[in-house]
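Trainee: As a plain string of letters, each chain reads:
2 protein chains.
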Amino acid sequence: MTSTEVLREVPVFNGISPAAFKEQISSRREPAVLRGCDIGACTRLWNPDYLSEKIGKKTVRVHVGADPNLDFRSKNFIYCDIDMGDLLFRAKNRINEDFISDEKEIYYLRSVSGEQRNIEVSNIEKDFPAIAEDFEVPELFDHAQLFSSVLRVSSAGVRVWTHYDVTDNVYCQVVGHKTAVLWHPCQADNLYLQGDKSEVLDIDNPGEMFPLFPVKNRWEAKLEPGDVLFIPALWFHNMKAEDFGIAVNVFWKELDKKFYHPKDYYGNKELVPGAKSLAMLDNVVKQLDLLPPTYRDFYARRAVQKLQSKCYNND
Amino acid sequence: MTSTEVLREVPVFNGISPAAFKEQISSRREPAVLRGCDIGACTRLWNPDYLSEKIGKKTVRVHVGADPNLDFRSKNFIYCDIDMGDLLFRAKNRINEDFISDEKEIYYLRSVSGEQRNIEVSNIEKDFPAIAEDFEVPELFDHAQLFSSVLRVSSAGVRVWTHYDVTDNVYCQVVGHKTAVLWHPCQADNLYLQGDKSEVLDIDNPGEMFPLFPVKNRWEAKLEPGDVLFIPALWFHNMKAEDFGIAVNVFWKELDKKFYHPKDYYGNKELVPGAKSLAMLDNVVKQLDLLPPTYRDFYARRAVQKLQSKCYNND
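If you read the protein sequences in the order shown, they are chains F and S.
With the working numbering applied, the first sequence corresponds to residues 794 to 1108, in that order.
With the working numbering applied, the second sequence corresponds to residues 794 to 1108, in that order.
Only chain F is shown next, with the shape it has when bound in the complex (with noise of 0.2 Å):
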């Protein structure tokens, strides 16, 4: 379906002001690194010591797994919940003699709000109080559109699977280096979606199971300690640390409220009319479904080509 097969890196913007962004950035679309802005004395002062000491009493809930390419489909791993201080001392360690499941296990916690069963959206400054004076939103958006931020620490190797959100993410890396691979919403239907997540793990070597999958087509980004990488909502992007690593994700809501799902913790429920549509969607299934397979297959390309003319953006 893609006319060009170019694997592109993301630009790169020094010291761009706020008013630069969402002139020459935001707009596009497009995602972006940008590399000097201040996001406060978090980049000088954490580390795993400062943390503990700081919120190392949290418990927290992380992913614990043999294997740093987490795979959502085997469950390649478990949740456990340890305080932040054991997992900083964890996941700064490659290897771990008092180890849950294996010595060279991986940890990787994705802060969550709340207690369990009552999960709301994760906000540093009431999650983590004693350090968020230490974070600096990047004002790169109105305050009003901030939907939530979300703590990140991973062990060297991590891999976060490919998958999109459907807001805005300034994913602002503080401690240790990424890797970043992104692909545009308009890959959706080569990507093998499961949710809102890629079936295809070895982005690399997907294998012949994806013919489709754009290897080449993609862009990369490699994050250094202070960069922020503007991811624009519906991107794709599968996230490696390349090192031991501590991140603040903050989310923005480009769009008016009403198209957002009201219970949308995550910030990965599907916007309202998109949900809709594709929840009438299964009705129109239903109804072909009563039809012999050519025939079925027939109608099925009358309403692709429908929705094709209809949907996509031409450009």
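FYI, nobody ran anything at the bench for these hints, they're computed from the structure.
Quick caveat: nothing in here was measured; it's all calculated off a predicted structure.
Glycine is no exception: its CB is placed at the ideal position from the N, C-alpha and C atoms.
Any given hint could turn out to be false.
[Said to hold, decoys possible] Quick look at which bits of chain S chain F covers, simulated, 3 or more residues with Cβ under 8 Å:
# : stretch
1 : 972-984
2 : 1055-1068
3 : 1079-1090
[As the list claims (entries may be wrong)] Straight-line distance between alpha carbons at most 27 Å, and here's what the computed DSSO-like set of lysine-lysine pairs gives:
#  : chain 1 : residue 1 : chain 2 : residue 2
4  : F       : Lys1056   : S       : Lys1079
5  : S       : Lys1069   : F       : Lys1079
6  : F       : Lys1099   : S       : Lys1062
7  : F       : Lys1079   : F       : Lys1062
8  : F       : Lys1099   : S       : Lys868
9  : S       : Lys1079   : F       : Lys1050
10 : F       : Lys990    : F       : Lys1069
11 : F       : Lys1069   : S       : Lys1079
12 : S       : Lys851    : S       : Lys885
13 : F       : Lys1069   : S       : Lys1099
14 : F       : Lys1033   : F       : Lys897
15 : S       : Lys815    : S       : Lys1050
16 : F       : Lys1062   : F       : Lys1033
17 : S       : Lys1062   : S       : Lys990
18 : F       : Lys1079   : S       : Lys1050
19 : S       : Lys1103   : F       : Lys1062
20 : S       : Lys1103   : F       : Lys868
21 : S       : Lys1056   : F       : Lys1079
22 : F       : Lys1099   : S       : Lys1056
23 : F       : Lys990    : S       : Lys1103
24 : F       : Lys1056   : S       : Lys1099
[To be verified] If you want the ones that stay clear, here's a sample from chain F, every Cβ over 12 Å from chain S, calculated:
#  : residue
25 : Arg828
26 : Asp831
27 : Thr836
28 : Asp842
29 : Asn862
30 : Ile871
31 : Tyr872
32 : Cys873
33 : Glu918
34 : Gly950
35 : Asp995
36 : Pro999
37 : Glu1013
38 : Gly1019
Let chain F serve as the given structure and place chain S on it in line with the hints.
Mentor: Just chain S now, kept in the frame of chain F:
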């Protein structure tokens, strides 16, 4: 979309029995030329003089146009009510001094039943009883499945636009030669359809407006007098009269009655579940239209992916 770009000749079967047709051909849902079928005395008897004598006084409604390439978009023809005898005389001539619009004008009859505003399903026995016994319906299907029989008369050169029918079509070429070009129903999304017709009129040089149009990936048949062309339902076909021609189409319902529109006189109204699914899809499109372009495109692609994975034939 298509993996192979191959022009295929429609296979010719000589003197095949109805039983062999059912077993080897109709079940495969691919076109075939049946040569040496018994379609009655018409192949011997029918010519303008004979038909003028038998049915010359019957008034019929014909397409008349200066360009033999009939164009449903620009409507490069008019409808005229003339006597069958007059039609046969005019259609046989290359030049008509007593022309209606142009001395080289062409004529094309696709018979219909009933009076104007009160159309019925065509039936050669009812519409042309004086010649009906000359034509033997090839008994390739159960008689209960018979939908309609249509008499066609064409000037040399007349080309009828690419379209599909929802019923199986047994096209009996009685007088003259025709070239038939056909496309598999899975080409539906490449044919730029307006309803049951392709917008592409020049099938050999579609032009840059129609980049996906399968110029090469098509089937071709050269019909001789007495040949029967089996066109399975939904196969697109484009028919060109190489010389003055008379033919009878016999249409058959492959599926149970419930699938067909109860008021379909031409055999081109969408199958009931097909029509319903396309109408339901209009509501999906309305829902998607609530979204800004990037989001609409994204969810449309998700919908397409769902249709493709759930409703397309894999083979």
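Trainee: Please go over all the hints and tell whether each is borne out by the structure.
Mentor: Hints, verified against the model:
no.	hint	in the structure
1	972-984	holds (count 4)
2	1055-1068	holds (count 4)
3	1079-1090	holds (count 11)
4	F/Lys1056 with S/Lys1079	holds (24 Å)
5	S/Lys1069 with F/Lys1079	holds (11 Å)
6	F/Lys1099 with S/Lys1062	holds (18 Å)
7	F/Lys1079 with F/Lys1062	holds (24 Å)
8	F/Lys1099 with S/Lys868	holds (24 Å)
9	S/Lys1079 with F/Lys1050	holds (20 Å)
10	F/Lys990 with F/Lys1069	holds (19 Å)
11	F/Lys1069 with S/Lys1079	holds (11 Å)
12	S/Lys851 with S/Lys885	holds (18 Å)
13	F/Lys1069 with S/Lys1099	holds (14 Å)
14	F/Lys1033 with F/Lys897	holds (17 Å)
15	S/Lys815 with S/Lys1050	holds (20 Å)
16	F/Lys1062 with F/Lys1033	holds (23 Å)
17	S/Lys1062 with S/Lys990	holds (12 Å)
18	F/Lys1079 with S/Lys1050	holds (20 Å)
19	S/Lys1103 with F/Lys1062	holds (22 Å)
20	S/Lys1103 with F/Lys868	holds (25 Å)
21	S/Lys1056 with F/Lys1079	holds (24 Å)
22	F/Lys1099 with S/Lys1056	holds (25 Å)
23	F/Lys990 with S/Lys1103	holds (18 Å)
24	F/Lys1056 with S/Lys1099	holds (25 Å)
25	Arg828	holds (26 Å)
26	Asp831	holds (29 Å)
27	Thr836	holds (32 Å)
28	Asp842	holds (43 Å)
29	Asn862	holds (24 Å)
30	Ile871	holds (31 Å)
31	Tyr872	holds (28 Å)
32	Cys873	holds (34 Å)
33	Glu918	holds (29 Å)
34	Gly950	holds (31 Å)
35	Asp995	holds (20 Å)
36	Pro999	holds (16 Å)
37	Glu1013	holds (21 Å)
38	Gly1019	holds (29 Å)
Of the numbered hints listed earlier, not one is contradicted by the structure.
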